[in-house]
Amino acid sequence: MRERGLYGTTSFGLISKLWSINWIFVLLLCTLAGIGYAALYSAAGGAAEPYAARHGLRFGFALILMLTIALIDIRIIARFSWVFYAVAIGLLAAVLRFGHVGKGAQRWIELGGLQLQPSELTKIALVMALAHWFHRASWERIGNPFFLILPAIAVAIPVALLLKQPNLGMALVTTLVGGAVFFAAGVRWWKFLLIITPIPMAVQYAYEYLHGYQRARIDSFLNPESDPLGSGYNIIQSKIALGSGGMWGKGFLQGTQGHLNFLPEKQTDFIFTMLGEEFGFVGSVLLLTLLGAIILGGMVMALRCRHQYGRLVALGISVNFSLYVFVNIAMVMGAIPVGGLPLPLVSHGGSAMLSIMIGFGILMSAYVHRDVEFSDGRNDS
Amino acid sequence: MIHETKRATIFTRRALLLMGGQATFLGLLATKLYQVHVDEGGRYATMAEENRISTRLMAPPRGRILDRAGTIIAGNRLNWRALLVTEQTASPTETLGHFARIVALLDHERVRIEREVVRHRRFVPIMIREFLSWEDMAKIEVNAPDLPGILVDVGTTRVYPFGQQLAHIAGYVAPPNERDVGEDPMFALPGIRVGRSGIERARDEDLRGRVGAVQLEVNAAGRVIRELDRREGQQGQDVTLTIDAGLQTAILKRLGDESASAVVLDCRNGEVMGMASNPSFDPALFNSGVSQAQWEDWTNNRRAPLINKAAAGLYSPGSTFKMSTALAGLDAKVITPSERVQCPGYFDFGDTRFHCHAKYGHGGMDMRNALKYSCDVYFYEVARRTGIDLIAVMSNRLGLGTDTGIDLPGARRGLIPTRAWSMERGRVWNIGDAIVSGIGQGYMQVTPLQLALYTARVASGRAVVPRLTRAVGGIAVPGGRAEDFPLLGLADRDLKIVRDGMLAAVHEAGGTAGIAKLPDGRTLMAGKTGSAQVRRVTREQRERGFNSETLPWEFRPHALFVAYAPFDQPRYALAVVVEHGNAGSVSAGPIARDIMAETLARDPARPDITPQRVAEQPVP
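In order, the protein sequences belong to chains A and B. For the first sequence, our numbering begins at 319 and goes up steadily by one. For the second sequence, our numbering begins at 425 and goes up steadily by one.
All the given hints hold, so there is nothing to weed out.
Output of the computed footprint for chain B on chain A, the stretches with three or more beta carbons under 8 Å from beta carbons of chain B:
#1 492-505
#2 557-567
#3 585-599
#4 610-617
Subject to a maximum C-alpha distance of 20 Å in a straight line, what follows is the list of computed SDA-like cross-link-like pairs (lysine to any residue):
#5 Lys-456/B to Ile-654/A
#6 Lys-509/A to Leu-441/B
#7 Lys-482/A to Leu-494/A
#8 Lys-568/A to Tyr-458/B
#9 Lys-509/A to Arg-438/B
#10 Lys-430/B to Leu-466/A
#11 Lys-430/B to Glu-691/A
#12 Lys-783/B to Arg-764/B
#13 Lys-430/B to Ser-693/A
#14 Lys-677/B to Ala-728/B
#15 Lys-568/A to Ala-469/B
#16 Lys-456/B to Ala-653/A
#17 Lys-430/B to Leu-621/A
#18 Lys-509/A to Arg-437/B
#19 Lys-677/B to Leu-730/B
#20 Lys-456/B to Gly-610/A
#21 Lys-430/B to Val-618/A
#22 Lys-430/B to Pro-463/A
#23 Lys-456/B to Leu-604/A
#24 Lys-482/A to Ala-411/A
#25 Lys-456/B to Thr-607/A
#26 Lys-568/A to Arg-467/B
#27 Lys-941/B to His-931/B
#28 Lys-430/B to Phe-465/A
#29 Lys-757/B to Ile-855/B
#30 Lys-430/B to Asn-462/A
#31 Lys-568/A to Asp-463/B
Calculated from the structure, these hints are not laboratory results. In this text, a Cβ means the ideal position worked out from N, Cα and C, and glycines have one as well.
Please put together the full structure from these sequences, using the hints given.
Structure representation (structure tokens):
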């Protein structure tokens, strides 16, 4: 049975751990993956192959992995934070050196036949490393600018590597995730302002040095109709598909744009469009609500943790998930430049799903072990 | 614990702030979704519809061109082609290498194929080789396993069984050019051909047929997903000509090596039985593209093989014009048929002396004899009295220097000068100009077709209009019966005297056209010779005893001959022009005689033709 007053104990039984898993949250994730299965089934023209079946299989595997991680004591996980971080950075560097070039960037690495995009894992590892750092920080130390130098470098390294790939979108998301952890840890407002203020100038400067395809993305975002067959093509086709879905949609498997391949990368980045065409505005909003519930669930779990590491890790992971959602959906509607971020648990792709589920595993472990005594290494705790 | 509480408080506050931010973002996304889905939905729905359905056109087979007996003049032949679909082969280069070992590919073909491989999408078939022989095709099929991506299919190509003989009439087809393409979406079809000259052009719309269309559902890559709707096209209609292909062959054979043309008309209904222009060209060459060398050879040839001399060659009518002058004079009542004009061999007007071809003159000439002997002085006098304007009106009425109305593109109008025409060019018209016009020299330019038509009109007294098309799609083209043509409004008496003069020229002793008497000895033919000077004969030359046969070829006069037969019941009219053939009586006459004989021999109403039977005969 679940014991409430466990604060101070070092461990509790497996059964009670299972009991304390947030099953509602698990159910939400399963629903989302189920929607993903349906969408991929439709994307393949009404067939489980080649996307949906693999998606289901992967999710099953990832779900078990997630629940397993959830049962591992968060303190053990925390202990390996920096190790994970080092491994992730190593992989990211390896991608640059040995990775496969795809769509104008080196993003993939092949590990024993498995294609891996380490940038996904890097964010989780970064969140863990930052959480670990701030876990040990007293309120006073956070106020000390020198204390922030090391975590700032911890953010800067993967961001620099991602920019080198180049993967602008992911670098931005990584920065934001890191920033969110800094923010939640209590870093002063003015320090953020100090960082943010010069950004517009830097952006303008950076634009000059952007790759042609990145500039094209931004340009075509500002005016997609200007180059309808070039880089604006995806956005226009996506908007056509969404718009033709209307209020109620064309019905499952009835979407023409997706089935006729007008929709680019419909099984990955544009899966939301696929669903939007078939289920209309109502379907889109329902999906958005589900995603919102998952984000909310993650944040609430973060709030309920009684140790700083758990709080920060859970928050960072939730923010990461929410950024995926925002970037992906905004992108397919043409509200921001195409970013190349999948819709988590819905899009086809193993790497993203795995890292998302690993992240949720850690988040749930933090929640399961929310009340454990977790020393921050200071005497007064 | 104090700092832990403080950290927790700050965390809670900031986490809630972040959640607020996240909620805001979700709200914004929902708003934007509403905008895209619902507000702009209608517009995008339309775009989606256009996106998905593509209409593809199917080329209809082109109609055939037949002669009056149904012999194929232009038809379609199956064209076996080898195509390459890039996406069906691992290596297009390798496949092409294999292919070249079976059917040799030329370097320029390889270059073209490689260019197209790069240019087209991977599923678009690329033409490797057209007009495959049966043997090559068999070889390709046998080696199919070594030739992934190679596809053999069949299209059609235009064939002209008579080749050169009917090239100017049938015309030719060629791929559409950019101007055509804007006109009709059908022209964007691969393999479609457009009539570029001759009947192929004049009847292009009938021959072309109606394009078929398939509505296809396609994806963004242009690949066909499924067929939604199919509307069969309609084969082009067959066009039946008035030409007799056998006669045409005979005419061309008779023209031999001469740079010459001949037109045979049915006097009663204007049907063009034969229209030959020599030398000619092979129309099939245009179908696949003409090489630069071939084109230069054609255009630099002074015998102009590409030009249909029968309808577009312009010549001075020379003495063949004299019937027109005579009719103009009679109609204007400035002369009577019996009035005699003295011919001393020359005609003085002011300071100028105009010569007759008979150096010492013909003596006293009435109209019939003037036509028989082709006396120039007589017609100088008639022309002087009549004036150029009335001569022009009459010759236009007879079909010279005007649009003949034939359904053949490229036929030229020619020119009969008038005073107004001269004034427009800022030149004062002299009576002298009218005088030389009386014998068909000077500024006058007419086509052989016009000469044949003129002869037919003189023979029939009706404003016959020539035509090449008898039927389209098996339905007779309206018109084409003698009654359909109005009378010219000339006095029978006037026409009779002119016809008699032409008969005398052929059949009476001393007539200039005696050489053209028909070999059967009983069919009467009316005819008139002519020779058109290419450059003026100077007095010096005349005094030295001018002989045009000693001139270089291109300066020799053209030889002309017009005739109709049978005399008592005119059926066929013809005109022959032999370029630089000297006197009409020498070179053009015998040709005209033989062509007329051949024409009459091919007449289904022969041999026992009687006036009654001709009258009873239903006009085809």
